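Asker: Chains as they are written, first to last, in UniProt numbering: chain A, 1 to 434; chain B, 1 to 434; chain C, 1 to 434; chain D, 1 to 434.
Any given hint could be a false lead.
Since the list gives no way to pick out one identical chain from another, each pair is judged satisfied if it fits inside one copy or across any two copies.
Below, in silico cross-link-like pairs of lysine-lysine (PhoX-like), each with a Cα-Cα straight-line distance of 25 Å or less [what the hints assert, rightly or not]: (1) K384 / K346; (2) K422 / K203; (3) K336 / K69; (4) K384 / K336; (5) K384 / K69; (6) K384 / K350.
If you are wondering where the hints come from, they were derived from the structure by calculation, not from laboratory data. On a predicted model such as this, the values are computed, not experimentally measured, just so you know.
Number of protein chains: 4
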Amino acid sequence: MIPRYSRPDMVAIWSPETKFRIWYEIEAHACDAQAELGVIPKENAEAVWKAKDVQFDVARIDEIEAVTKHDVIAFLTHLAEHVGSDQARFVHQGMTSSDVLDTTLNIQLVRAADLLLAGMDRVLTALKTRAFEHKDTVRIGRSHGIHAEPTTMGLTFARFYAEMARGRSRLVAAREEIRTGAISGAVGTFANIDPYVEDYVCKQLGLEPEPVSTQVIPRDRHAMFFATLGVIASSIENIAIEIRHMQRTEVLEAEEFFSPGQKGSSAMPHKRNPVLTENLTGLARLVRMSVIPAMENVALWHERDISHSSVERAIGPDTTITLDFALHRLAGVVEKLVIYPDNMLKNMNKFKGLVMSQRVLLALTQAGVSREDSYRLVQRNAMKVWEQGADFKTELLADPEVTAALSPAEIEEKFDLGYHTKHVDTIFRRVFGA
Amino acid sequence: MIPRYSRPDMVAIWSPETKFRIWYEIEAHACDAQAELGVIPKENAEAVWKAKDVQFDVARIDEIEAVTKHDVIAFLTHLAEHVGSDQARFVHQGMTSSDVLDTTLNIQLVRAADLLLAGMDRVLTALKTRAFEHKDTVRIGRSHGIHAEPTTMGLTFARFYAEMARGRSRLVAAREEIRTGAISGAVGTFANIDPYVEDYVCKQLGLEPEPVSTQVIPRDRHAMFFATLGVIASSIENIAIEIRHMQRTEVLEAEEFFSPGQKGSSAMPHKRNPVLTENLTGLARLVRMSVIPAMENVALWHERDISHSSVERAIGPDTTITLDFALHRLAGVVEKLVIYPDNMLKNMNKFKGLVMSQRVLLALTQAGVSREDSYRLVQRNAMKVWEQGADFKTELLADPEVTAALSPAEIEEKFDLGYHTKHVDTIFRRVFGA
Amino acid sequence: MIPRYSRPDMVAIWSPETKFRIWYEIEAHACDAQAELGVIPKENAEAVWKAKDVQFDVARIDEIEAVTKHDVIAFLTHLAEHVGSDQARFVHQGMTSSDVLDTTLNIQLVRAADLLLAGMDRVLTALKTRAFEHKDTVRIGRSHGIHAEPTTMGLTFARFYAEMARGRSRLVAAREEIRTGAISGAVGTFANIDPYVEDYVCKQLGLEPEPVSTQVIPRDRHAMFFATLGVIASSIENIAIEIRHMQRTEVLEAEEFFSPGQKGSSAMPHKRNPVLTENLTGLARLVRMSVIPAMENVALWHERDISHSSVERAIGPDTTITLDFALHRLAGVVEKLVIYPDNMLKNMNKFKGLVMSQRVLLALTQAGVSREDSYRLVQRNAMKVWEQGADFKTELLADPEVTAALSPAEIEEKFDLGYHTKHVDTIFRRVFGA
Amino acid sequence: MIPRYSRPDMVAIWSPETKFRIWYEIEAHACDAQAELGVIPKENAEAVWKAKDVQFDVARIDEIEAVTKHDVIAFLTHLAEHVGSDQARFVHQGMTSSDVLDTTLNIQLVRAADLLLAGMDRVLTALKTRAFEHKDTVRIGRSHGIHAEPTTMGLTFARFYAEMARGRSRLVAAREEIRTGAISGAVGTFANIDPYVEDYVCKQLGLEPEPVSTQVIPRDRHAMFFATLGVIASSIENIAIEIRHMQRTEVLEAEEFFSPGQKGSSAMPHKRNPVLTENLTGLARLVRMSVIPAMENVALWHERDISHSSVERAIGPDTTITLDFALHRLAGVVEKLVIYPDNMLKNMNKFKGLVMSQRVLLALTQAGVSREDSYRLVQRNAMKVWEQGADFKTELLADPEVTAALSPAEIEEKFDLGYHTKHVDTIFRRVFGA
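My request is simple: use the sequences and hints to build the entire structure.
Answerer: The structure is reproduced here in structure tokens:
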């Protein structure tokens, strides 16, 4: 976790304080359930809630762990210091450490998912706003980095919106994947604890009971979760790359907002660099790198080995914190992106009229010229624009083979930009609804 | 694609013949829609269906492509050879190559998903059958590779079933992700083709229209698809690793079926190696390796670049073919797995009674001994079993501190295996339903 | 392996014919060594060489393998059909299948490395030629996609040359990593075969004996090999991305060669797309995807498990074939790249004189203006160029605070391009030698 | 970076204090060189060294950066607070931020490599010691997890030693890869700074000048560095997996050292889990996950984009810290590994004599029995051991077809363990030298 790429809310989810708080709640709720079942005395269960408002002492727990080399035992020992060791004696009864650890991890991931969803919502709002703002801002569409046909800046935002909205749905599903808890004992048989305890605790904490666990909650759930984050990060990269392209000197159709105090370069004061989106490109790589380890974590030996643990200690916080930060950074970039419609037009006209070649090709075909001949005619005039800087329309009007098939008015009409934007509303309706 | 790890049905989906057939159907349906709109003459649309029963000549198309260096143009030229070049002149009108290519890829992926779902169903059936067959076959549960507490072989199969069932749901979702088509023209604006054509063609082919495309269908869909395959492959690895462990000489609780003619080793004729599950472990790595490239494919430049194409030409077939093969190999392994319940009991008793230590610990605690003392008492007797091969129950019965808290009958009762299997039915109900 | 991305020489290395030929040579040489040691009769060793010119029948071997389910046994059976089953009886004695398989794989990888080195040499030659050709072709250097200071096209080629030359050295080292053979028996103890056989066979085949093997050659060697290919592929991507940027419509400083017959787009005849370098970008992803599986292959269980095998059957051929193809495609692109020096100058002057701001900043500082003031002065004039299209030099000459520190001649001198290219020769000397 | 998996020495390399110290040294040495060249006054260069013993104030620098949003400018501003802003005015002249940042990163990586080499040396020493200690400790070799033929525990250690020694050589090469510095200005042309400064600074700091840089040092170097760490991590995993297998209850040939205070499980006091090697398995995944992002960092746009930076801020420290920790954890595990030679013998004899089947097979062949018949004879007796728990030797002695070919003494001789260990010295000589 790199502070410069962190937001406090997400960091807090992964703090030891939060972790111990969740541990406490699981243990306390489990005692309630055990008392209800008559397995432990009611007063002992109640006593545990005495620590309800305690902020657990992380340093003290670490101190105990240094001796026991076991984190849950260290916590329970510390808890007993608050509740009284006699009254605390039934805490954790019939449970295994992983019951606590795995249920906690999933609670943290659910909370992380909630923050990420909020981040995605901010991105979605920004994209939608900018999409409608630039619904009709014409801009050249490019395939292979080469001018193709006109499109609008609004469509670009709309497709990022649709992609992010898909990402959001995937994240909702991924959140559901890890919204389970398990209190099933050493190998998942409930030998020493009634399934009711699991049901009860999960209900209190907003989780579903894991239908069949071993000592641990199965890691295919977490693999799916991190894989989903990897896909979302790739969509962030997609938007970031588009903005980086738009900002490059020769294109300059948009720029990241440049605050007054900011210095672009220690050496070149005129520079305004798309550093936020470049940064997002890197952050996407960081999020994605958790995917394979999360998948390698699935095949634990028998009822569990602990190889997954160190991986999750790293990627649990790091990946969610990085993605959370990236979403908000992206939202900020989109919200404040400075857009230059004039430059969009200027760029589109770099090769005068050439982007309309497809329309002319079609018109020739429909006027009865063979596909091959149409292609040849268009290409020969296009080449003059390309190589000599000629104006496409002028050349077409001067080409007798072309004018034999199309009248000047028909040719003229092919250069109307409205032709290319006529379905923008249809697409917006598909993306944003009626 | 490695023939030895391929099944013909999946290979067929990726054959050039299948591809050209889908191209043809897209073009023919698009002509119908265009004719309906009055954009092209009805007779030209009808003429295209003359090729309905043609098996397209792959070699001929390759020959044409060698000249044009463009696959779709090569195909259209070949199609014209069948339909007549005059009648074929409106084919592909207003469309761009990617309209055909991307829609085709998604159709292939949907079909691949259907085959994979069938493979998963076979695995699920096998796992369910074996789960019920061995619902009560007691077996030691292991954490960290170390004996923990008893469980049953049925529970092991049940958890693999639950995991695969989750994988199936994920695959259904992933299939839905890529069940879209696009016929939206050069940069996705429908400038030269009415959205109705896209609607019509998609409907004919069982797809949803991509709400907003560029020249291509957005690649976050494919990233999600391959990420999902990676998770499923990791679950296959999980099962494979379990079986490999069970088959190792010292454990021998199960073995892959060994056909009479098979030779395990050129040098050691007695060997029966878990080569199928080892192979599955490797195949899982191969499936997983497509995940990152699929994610790297998301950030295409502007309205598209073609970097994704070579990646998909490889991972499209390779990953689905490998996973399909792996699912059926896994199903076969599970169906025919030879299980040795006697060895399971023998292994469990390697350290006589030691696996019951947790129960004794709990019993001591509940009998009023402090947690720390209980732990100490259990551990000191356990160590005798571990180090001197003693019998745990005998030691406990001879330990006055233990017998001060628990009567011999109470101690005896702790060694009842039924204690550990009492909730198996509950878990089975959770997994398989009532 | 995708035929369209394959070159025959590399494909041949991975053909079954080549594989069986290498198997044969290993077995035959091993027989010679065994005969020399007196372990088997000389005539039996000699008899094996009767098959020296045999092209082994792959279909027949497959047929036998269908029964035995063991490839080496199938091959030996077939060999006996040529040599005579009595005379062939000592073939493979004391050896284990992996002795043959692993030594063969390494021979194939060494040969693959040799082809890759040849491919890199072709790339290096092309880069060097173009570097010297454009040593002094001035071009704007860009950081963050934004104009920075002038550099030369030759320097761009020179740095790609230096990077590829590093790649070449790494590949030489990687080749050395896998240039080992092992004939050490079932678990690597030479129990049934004298180490002399290994020494002898390795010497005949240009390999080093693996110092300590198990049943297999350790896979860290292969992991290093594939990791190295992944780095080289990333360097290919680096060059490809640069060319794609240069070719984009707004930049157009270079173009992939566009052959007369070639059609850029079915819809837009004027388009010339950088499809080769886009393809290389995708191929780089494909090469890289082998790295993690190759690393996952390292931790085989005990003296070996066979999980690595399926992985290597795929990535062995696929990765080397793809990289080989990519190197030659890249070489072709570089050799024929069409470069537009005029456009380079035009682009550089897009913001008139602004790229010289760093020089002016330094000059002001050296003339005694404080760093902060210098920065402010440069920035305020730069902003006029940026925002109003002014000419930087003109603005500076008109700014009294600037002219108070620098004379017109001094300002003038800051706009000399030679200033930026004065060390090109030094750098070339570093890269290409005196 | 996870504190629990960190060692202070490596953490210190990545502290802001270390970073600023290196920045300072680069700037100060650069001033010396500039003064030598006569570019800046000697007294200004000397003045910079006034800060020689300053511990830079990280909080203050952060404060300045919050305004400037540029870290190097923030540092230089702070440096001026120590040196005097007038005297500091020539600091950084002609340099670009990346000159400082990239050279610093490489110095940190070189230092990290040095610590890693020390860690590897500790592992190598431990492996060598244990190898010689158990050179002749016989143990069954296993392929596919199935008993094969005897080997020795010493050979296992020896092969891990050889693998780690290869890793060490690779790390030495990787260290050399990133042992370069660059002070070449905004786009690498040395326009504003003489190459002598780069030469001088690199020499002072133990680096080689980067032959051709852009604004940055080329990232193929770093990709190679992290790829190498990934391979080493995979070798750690290899050793960890072996130990985990040895410790599993049914095998128990070795155990991680279990300190007196340690508790294996909150529930099962008898458990001794191989948690350190399981942890190493997870750490290996964490190290490996940096490889792909490091490769994705290679293709920076033009003369640089900053996408690599966030990646390196994470993987620079995290990967080296994790690997450093893992190496020392591994060394500790190997040094203190408790080995059970008796259990090794017991395991080997689980299937009485069966592991000698290969020898018998060979003996039969050499006695003139055909390969097929020999195989059949061995297999039929082996199956009795396997299925009925018979003793292999006894069965062979009772099989008339066997005794027709081999005398009882000859059969007897095949069961001599010395046969399998006779070349151990040869292998040790290969690995450890004479």
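Asker: Next step is simple, just say for each hint if it's right about the structure.
Answerer: Each hint, compared with the structure:
1. K384 / K346: both (20 Å within a copy, 20 Å between copies)
2. K422 / K203: between (53 Å within a copy, 23 Å between copies)
3. K336 / K69: Only across copies: K336 and K69 sit 18 Å apart there, 50 Å inside one copy, limit 25 Å.
4. K384 / K336: Between. Shortest inter-copy distance 22 Å satisfies the 25 Å Cα cut-off; intra-copy 40 Å does not.
5. K384 / K69: For K384 and K69, the Cα distance is within 25 Å only across copies (23 Å; inside one copy 78 Å).
6. K384 / K350: So K384 and K350 pass the 25 Å test inside a copy (13 Å) and across (24 Å) alike.
In summary, this structure violates none of the numbered hints.
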